[in-house]
Structures are given as structure tokens and as C-alpha cells.
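Student: Sequence:
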Amino acid sequence: MPGGLAWVGEPGSAMMKSAVVKDIWVLAPVPQPHISMLRHAGGPILVTRDGKDLPCRVAESLFWLGRYGERLDVRARLLRESLTKLLQEDPHSEGATLLPDLMTALDVAPDAVELEEMLKELPEHPRFSKAHTLARDRLLNLLADQGPQGMPGIFASFVRNSRSVRDHLGDDLWRSVSNIRQRCNAMSRARGVVAGQRLLEAVVLDLAAFFGLCNETMPHHYGWRFLDIGRFIERILGTLELLKLALLTARQPGIPLWEVVLATTDNFTVYRRRFRSQLHPSAILDLLLFDETNPRSVGYMLRRIQRQVARLPGQSQSSYRNLENRLIIEATSTLHLMDIETLADLENSDSAREALTDLLDRIIAPMSALSDAISHSHFSHVEAPRQLVTMQVSPGLDDGKTPARSERR
Numbered sequence: 000m001p002g003g004l005a006w007v008g009e010p011g012s013a014m015m016k017s018a019v020v021k022d023i024w025v026l027a028p029v030p031q032p033h034i035s036m037l038r039h040a041g042g043p044i045l046v047t048r049d050g051k052d053l054p055c056r057v058a059e060s061l062f063w064l065g066r067y068g069e070r071l072d073v074r075a076r077l078l079r080e081s082l083t084k085l086l087q088e089d090p091h092s093e094g095a096t097l098l099p100d101l102m103t104a105l106d107v108a109p110d111a112v113e114l115e116e117m118l119k120e121l122p123e124h125p126r127f128s129k130a131h132t133l134a135r136d137r138l139l140n141l142l143a144d145q146g147p148q149g150m151p152g153i154f155a156s157f158v159r160n161s162r163s164v165r166d167h168l169g170d171d172l173w174r175s176v177s178n179i180r181q182r183c184n185a186m187s188r189a190r191g192v193v194a195g196q197r198l199l200e201a202v203v204l205d206l207a208a209f210f211g212l213c214n215e216t217m218p219h220h221y222g223w224r225f226l227d228i229g230r231f232i233e234r235i236l237g238t239l240e241l242l243k244l245a246l247l248t249a250r251q252p253g254i255p256l257w258e259v260v261l262a263t264t265d266n267f268t269v270y271r272r273r274f275r276s277q278l279h280p281s282a283i284l285d286l287l288l289f290d291e292t293n294p295r296s297v298g299y300m301l302r303r304i305q306r307q308v309a310r311l312p313g314q315s316q317s318s319y320r321n322l323e324n325r326l327i328i329e330a331t332s333t334l335h336l337m338d339i340e341t342l343a344d345l346e347n348s349d350s351a352r353e354a355l356t357d358l359l360d361r362i363i364a365p366m367s368a369l370s371d372a373i374s375h376s377h378f379s380h381v382e383a384p385r386q387l388v389t390m391q392v393s394p395g396l397d398d399g400k401t402p403a404r405s406e407r408r
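The sequence shown lines up with residues 0 to 408 when you count with numbering that gives the first Met the number 0.
None of the hints are false.
Subject to a maximum C-alpha distance of 16 Å in a straight line, what follows is the list of computed EDC-like cross-link-like pairs (lysine to aspartate or glutamate):
1. LYS129 - GLU113
2. LYS119 - ASP136
3. LYS243 - GLU346
4. LYS129 - GLU115
5. LYS129 - GLU116
6. LYS243 - ASP349
7. LYS243 - GLU258
8. LYS243 - ASP285
9. LYS84 - GLU200
10. LYS129 - ASP89
11. LYS243 - ASP360
12. LYS243 - GLU353
13. LYS21 - GLU9
14. LYS84 - ASP136
15. LYS84 - GLU258
16. LYS243 - ASP357
17. LYS243 - ASP106
18. LYS129 - GLU88
Listed next, with one range per pair, are the computed distances between beta-carbon atoms:
19. ARG162 - ILE363: 27 to 35 Å
20. GLY191 - ARG310: 43 to 51 Å
21. LEU26 - GLN305: 54 to 62 Å
22. GLU116 - ILE339: 38 to 46 Å
23. THR103 - ALA208: 24 to 32 Å
24. GLU113 - VAL19: 35 to 43 Å
25. ALA262 - ASP338: 26 to 34 Å
26. ALA208 - ASN347: 37 to 45 Å
27. GLU116 - LEU247: 27 to 35 Å
Simulated from the structure, these hints should not be mistaken for lab results. The beta carbon of each residue, even a glycine, is placed where N, CA and C say it ideally should be.
With the hints as extra help, turn the sequences into a complete structure.
Tutor: In C-alpha cells form, the structure reads like this:
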């Protein structure tokens, strides 16, 4: 179909500086015959299946696509809950609130010295306290921040890896990526907490659609396994850090923060069905750490990663396990061998808190190392050195004076 490209802008402005670009299509006077880019096979075709010869760069992009996609999802969920708490907090309060802990979870909490300087520089507001204004500005800034902590910055890494594997993503998958792009572009122009909440909610749903389509439409070959592994490594690390904050290091621990954890992991309904209205740290730990039937629990995710890693290419025929499997076994064994009774009284027992700290750290360490191990064993872009010429010494000539004869392979 004939057409062109049009730049829309103010009269007299430079063409490439126009803010809007439109396609122009010239309609034909009569319906046109269907033209396919695929041609009909003239005879029998050799049926093949891909996935076994996956290039390492594609595998790496799929792995990081899973990691950045999950990171974007966790950040969107946590930021959505933080904005909800911002609306619920007393805007005049200068006292202890939940917002500093939520900003810590989002890695945007200032230290004590920086906080004091920021509060001094903020002007007085008749409706909001300085602490409330600071928290609001820091949280809303994440909607436009192009850095590694902001939603647009994380999405940029996500879409960069998705473009690298465009031929592995179906049309429906690519539409979901486009939807997420539209939401993230709109975030930078969002004005107000409520508008930000709505966009974050849409991003969460679009990411759920993206990963659901990955499971439903991508062939379950090596590429899909790398994406799945990257996704669940990121989810495990995010869940463990969230539990550490809520149960161990929070400034204001208690029911409000525990509710945020359940809402962020989308386990509020499950928890209420099992335990009614009684919130307790032990029940939260069972749901998010030990319950292997819950897709959001660390136990379930470790089992899933273990299955996927066992089916990756290049598994050694040796009787000994490789580094990736050893790291997964280390994390799984740490979880399985934990005496749950020692964690029963986290609120009043220092020994229980120390045991939980040790447990979380001993799972975080091998999971962080697993990402590096997979990168080293599967994503190396440099071929191993290969000797092209070998030196062969003739029998009996071992005095070192006779030149050796070379053979070219």
C-alpha cells in the first residue's frame, strides 16, 4: 500500500523536532488481493524444532528479560502500596509513620544527615508536614526517574532486552510490551498520587499478561527456561529482602507493614482464608518461605529453579554436581533444615530474630551467586583458546639442538 511518514508540528519548526509522527496510508480504489510474505512449499518440508542451538547472547537477553520484568513488577507493586499508605497517613503528622520503612524498601530513603538537610530546605505548607511532603516527592519521583531505581529506568532495561529477542516473542507478547511502554511513558507526566496509583496498577496487570503469555505461547525450550530462571531468582531476592525489612530491621514494625508485605506479594486473600483476621509473623513466614504450594513462596521458587537448571544445555555427565546445582541445593537445604519452632516468637525473642537473620542471609548469598554462576557457564561470549599448531619432536632427537617438526591441524 503506498504511503509515507508525516511529522506534525508548529509552522516553521524543524522537521526532526516535531513531537508527533504519523503514518500516511493511501487507500486503493478497490480491495487489494491478499499478499503473504510466506510462500507455499512446493513439496515435502523438513520439520525441525528450534531451541537446542540457542546463541548465548539470546539466552543472556532472555535471562535478563525475566529479571528486569520481575524487578519492574516488584517495584510497581511496592510503589503502589506506598502511595496507598501515603494517602492514608495523617498529612500533618511529624511523628513516626510507615513511610520511612517503605522508602527504605524502595531504596530512596535518605540517611539521617541528608534527611535533616532536606527538611530544612523544604518550605512550610499549611496542609502537609515537611516529612509528608518529602515522602510524597521521593515516591512520585520514582515515576519519572530514569535511574536504576525509577520505573522508567527499569523499563528501559526491560525493553532493551526484549528488543534483543524480538523473534522469540509473539505478536501478543509484543503488544503487552507496547502497553507497558505506554504506561511508563505516561508516568513521567503523571500529576498526583492517584494518577500514579492507576498507572502502577495497569503496569502490574500488563506484566501479569506478559509473563502469562510467555508461559502460554513461547515454546518451552532453553530460551524459556533462562527467562523463567531469571524471573524467579529476582523474585526470591525481592521476597527475602522484603521479609528482612518487615520482620527484622523496620523502624515501625507491626501489622501495617505486614499488610504491605502481603499486598505486595498478592497473598492477602490467601492469608485471610487460612488464618482469618489474625496477623502473626510465623504465619507470614510459613506462607512466604516454607509453603511449596504457594507460587509466591521461596520454597516453591527454589524447586522451580532447580527443575529448570537441571534441564539447561551443557549439563556435565560427571558424577559430581556443577556449581549451579550446588548453590540451589545449598539454599534449599538451608530452608528445609530450619527448625521452624525457633522462629515462633520473633517479636520477643532475640535468638529467634538472630535465627531468622541467619536463615535469610544464607539463602540470599547462594541465590546472588547463582546468577553469576549461570552467566559464567552459559553466557560467555569469548571462545576458549584453541592451539592451531602442535610441536612434535622426532624420536631420539632430544638434545634440544635439532629444530622440531610442526604439524598443522
